[in-house]
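Chemist: Residue numbers (the working numbering), protein chains in the order written: chain D, 103 to 252; chain W, 103 to 252; chain H, 103 to 252; chain Z, 103 to 252.
A couple of the hints might just be wrong.
Identical copies carry no separate label here, and so any pair may be met within one copy or between two of them.
Straight-line alpha carbon distances no greater than 30 Å define the calculated DSBU-like cross-link-like pairs of lysine-lysine that follow [what the hints assert, rightly or not]:
1. K107 - K200
2. K212 - K232
3. K200 - K232
4. K200 - K233
5. K233 - K212
Derived by calculation from the structure, the hints in this document are not laboratory data.
Number of protein chains: 4
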Amino acid sequence: MSDFKPACPGFEHRVRESFARQSLMTTLGARMTHVVPGEVHIELPFSAALLQQQGFVHAGAITSVVDSACGYAALTLLPDTHEVVSVEFKVNFLNPAKGARFVAVGRVFKAGRTLSVCSGEVTAFDGDAKKSIALMQTTMMAVAATPSAV
Amino acid sequence: MSDFKPACPGFEHRVRESFARQSLMTTLGARMTHVVPGEVHIELPFSAALLQQQGFVHAGAITSVVDSACGYAALTLLPDTHEVVSVEFKVNFLNPAKGARFVAVGRVFKAGRTLSVCSGEVTAFDGDAKKSIALMQTTMMAVAATPSAV
Amino acid sequence: MSDFKPACPGFEHRVRESFARQSLMTTLGARMTHVVPGEVHIELPFSAALLQQQGFVHAGAITSVVDSACGYAALTLLPDTHEVVSVEFKVNFLNPAKGARFVAVGRVFKAGRTLSVCSGEVTAFDGDAKKSIALMQTTMMAVAATPSAV
Amino acid sequence: MSDFKPACPGFEHRVRESFARQSLMTTLGARMTHVVPGEVHIELPFSAALLQQQGFVHAGAITSVVDSACGYAALTLLPDTHEVVSVEFKVNFLNPAKGARFVAVGRVFKAGRTLSVCSGEVTAFDGDAKKSIALMQTTMMAVAATPSAV
């Protein structure tokens, strides 16, 4: 993973600025905590507004943050003429999403000019305990950035 | 699809009551609009609070509603001693999620005692126009209902 | 599904000729039985050479034929300057693959210029009985045909 | 990965003996080359009998060996009263399957009593060169071993 090279020098600023435009992340209460070439972390604190029927965080909220983490991991490697959309993803849920906070790590597994394959994992933290709760495998596509989105 | 039989007569009440406990659905603004044996619809109105960086609804919000639609479709066929959790899902995104509202349809493809396979589709509506925007294939698992959740 | 239009008039010949070059299909004993715009069927007879440890047909053999069925369904809609490769697929196994023959149906769900999303299903037949055994959701990509492959 | 403990002492013999019953592996020419708790390798030499239309090894053959590698990785951790079936898998294809031989590595990511989640990767080797060609994420299920299969 360590040999990824960003395509544009201002990649971190660009990723953080794009993330700030994702209003869903604000609605969920997610924060971007780590941005390096090919890897992005997003943290989601527990909130009573994000639950499923048993009181755990809903699979959809967990998926939202790991999807954004994977998409932005792919974006770190693209020239600023392009942005990223999700072609598809697959997520396995490994344990109930309970904890004080959840950290989604998105990593580029194979970078391509058009399609990139990323791996994502979400870990739940509760005091000193931590547990892997979700695993994602996803295809991201580079698309020409629209003027308003640059 | 039409030959599915609900395992308990109060299945619709049970499904709607469980859905009402999913605080994420309230946060997103989603409503359950249709519940029959083996099929559930959830509607999500467009909201500026649910977007990705280009101004379309975030893939995670779309996934959240179609995941719940598939899970509740599976629940319509289970005895009230059990509830449903998502084992895994895979979603393809077919078109940008733009529109005034989005309807997620979850259908049971194969009902099993422990594992059920469901198909989900999300359609965007804008005036008279409609477009399929997401396709889900998912495995749901029946788990013993916890006392507090019954 | 019925409104798909083939991009070139000789699409059926082209699909069958390409299938004939897939030596794995010959090795497995598979035959292409139906080719219309957006839909292709491939039949696999039971064979003692294709089994897993319990005596059922191996998931990989079932996947091979439904992958080819989906890929060729996508190819029916492409100009003859392009061919198709599998970007990714996801398969759920619904019942043990036992029967005298297996029919894989691949259908285009959404045709795109570069990426197409297809759905596949494999049904086992045994005398008068039939059972759905596998469900596929897949992304296919159009790539420029190499001279030797045209 | 290194902290996996096999559930029965004869796990390697059991895994190899089961693999030997998978006639599809013999048909493809695959060999099991490595068996440790939670991880299994299967090697597939190039063969002209396994190709798709462009002369690369067919995605279905690659999937077959990595599916078996993941399933047997899960089996290393199960008591000998149980065996493993594939619930579902998802595979991304990263590069054309060309090379002299292909090594599929299956690893248990999360071991469960009923469901296990495994990751698989296939690498193509050609002389000194190697390239990752496929990535799998899969759900395996433990089922009671049938008498004849024990």
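Chemist: Hint by hint, note whether the structure agrees.
Modeler: Here's how the hints hold up against the structure:
1. K107 - K200: Cα proximity of K107 and K200: across copies only (27 Å, versus 35 Å in one copy).
2. K212 - K232: both (28 Å within a copy, 14 Å between copies)
3. K200 - K232: Close inside one copy (10 Å), not across copies (37 Å); limit 30 Å.
4. K200 - K233: within (9 Å within a copy, 36 Å between copies)
5. K233 - K212: Both. Shortest intra-copy (26 Å) and inter-copy (11 Å) distances satisfy the 30 Å Cα cut-off.
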